[in-house]
Amino acid sequence: MNVVVCVKQTPDTAASLSVKDGRASWGDAPLVLNPWDEYAVEQALRTKETHGGKVTALSMGPTEAREALKQSLAMGCDEAVLVTDPALAEADSLVTSAALAAALRKIGDVDIAFFGKQAVDTDTGVTAAQVARRLGWPSLTLTAAIPALDPSQRSITVERMMEESRQTVRAGLPAVVSVVKEINEPRYPSFMGIRRASKAEIPVWSAADIGLTPVPAAVLSWPEMIAPPKVEVSCEFIEGATPQEIAAQLVSKLFEAKVI
Amino acid sequence: MAEKVLVYLDHFEGVAPPATWETLGAAKGLAADRQSGVAAVAVGSGLDHLAAQAIQHGADHVFLVDSPSLKDFRPEAYADIVTQQLRDQAVEVWILPTTSRTRELAAMVAVDFETGVTPDVIAWESVDGVVVATRPIYAGKLHTREVNRKRTPQILTVRSRAFPIPEPEAGRTGEVTKLAITPGHAVTEVLGYKPSEAGVSLSDASIIVSGGRGVSNNPNLSPPAEITDPKQQEIWRAQQGFALVRALASVPGAAVGASRAAVDAGYIPYANQVGQTGKVVSPDLYIACGISGAIQHQAGMRTSKAIVAINRDRDAPIFKLARFGVVGDLYDILPALTTEFATRLGKM
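Going down the list, the sequences are from chains Y and P. Heads up, the working numbering is the position in the first sequence plus 2, with the first residue counted as 1. For the record, in the second sequence the residue sitting at position 1 is -13 according to the working numbering, with numbers rising by one throughout.
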């Protein structure tokens, strides 16, 4: 199996965000592998462990995004590729999906491209489906389990999370699969993995290298970024001699506040 | 006639989530800005009643692509159909509720038009004939205003509970048109469905009762003797705690949520997780039981109208967000609260 896992570098989820010069600022919070993508890396590695082949981690982003790729290598990916280009700096999801689709074509003979559910910074969750649409591959998003994968039959069966139920879907390969947290528990990088990753030379592809010329202009623009008003609440502590007394008071207050 | 504003009627087996009607209601204003009515489109099988409901909720013209072969949501086929419809009608703004299905559907159709897609919209305005939308990013730690001035259609998906649900009007009339659009070659096959583990949908719930790590914290409970592994004993304790959370939730028909700590500890499935790497929710009432309130959890529930925190630790950060707080043991408070709710809501 030739497996690719698409990853993004994002600020740590513990970061406090503010707006600086119209852009998001996370201060000195560390940049990490997007937490959702850890599940995608893990699933890519498990796929290789079961079916053989190799795993390539692919990212589009600034040169610093190398660190997310190094973490993917440290977890066990065989290779990594960074797509970076000044013309991609203002990419929206449409441009990002075009670049990733072009890079997947360049890698060639890919069987599965794994994605995390969404990135914790922009929260759009549309890139996987857009890459699938561009490549004409089945889009198996929000996958919580892969009950069957048969490389010889070129067939994959997944369970997708919907609000009302889990939908079981069978598709042919190659396919795009985006995964949710329920699918696995990501491994920690091993000591050997970290050593190997720290020495790894990560190839860098420009837009021209992946044949994305000219780079399409972003369609979406962001005229304003706002820190939402801080919710100023002062907590009213409910006290009473017994749990029953507390419960009665609390429920009365909730009816008064019209939230029941 | 050209339909300037088209709403997508998301549904599962013909039943629309509340977000579909909220979106229809919200679209009215945008359509009025354009001196246009609101049109809607639904894809699936057996949709006549859905069309009737859509008209009651404010649609002026409903287009149905209704065929037994379209019974199951398959994003590729549905995208083919909607793209065709948007082209034929020269739609300017296409609006969808945000659900597990529509995020992907909107994304694919956006590729077909090389246009932008703005998910999770919580507010919008029309500026010079285009929609400028506000959406949360970084799990709501920031908001961004986003606009697509370059291409049509503009595609936006509306977050659940961001707009009010319109009252259905029984006598309202509208037009229904059935369209025959055949999607391209099928690339997936739906084999079946399994029941969801989450119960009442978190994104649609007006009340959510959530449990955290603290639900396992009851030294008075002794696990059965056959459970000897300390980890399993902890999970057994947590399950007793979550039984209390569920009992409370069942009285007003609330959804059950959980903190990441509770999910990671194996107390409850991930489908119930609220927070930055779970669901972002915005109910009228959020009752946090034994949840300390990590920043990632806060990001997922801070826009709730009223938050109640029940925790043994008065210094827990969750109290900084809470309108009402109870410092105490959830094992004492929750049963009393369940009884009180049942009495007041006439369910006893």
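Source of the hints: derived by calculation from the structure; they are not laboratory data. Note that the coordinates shown come from a computational prediction; the quantities given were computed from them, not determined experimentally. A portion of the hints provided could be inaccurate.
Stated by the list, open to error - Selected chain Y positions facing chain P (in silico; Cβ < 10 Å):
| no. | residue |
| --- | --- |
| 1 | A146 |
| 2 | V171 |
| 3 | A210 |
| 4 | V233 |
Heads up, the beta-carbon is just placed ideally off N, CA and C, and yes, glycines get one too.
Now for the hints, and whether the structure bears them out:
1. A146: Holds, because the Cβ-Cβ distance from Y/A146 to chain P comes to roughly 8 Å (cut-off 10 Å).
2. V171: holds, 5 Å
3. A210: With a minimum Cβ separation of about 20 Å from chain P (threshold 10 Å), the hint on Y/A210 is violated.
4. V233: holds, 6 Å
The structure fails hint 3 only (numbered hints given earlier).
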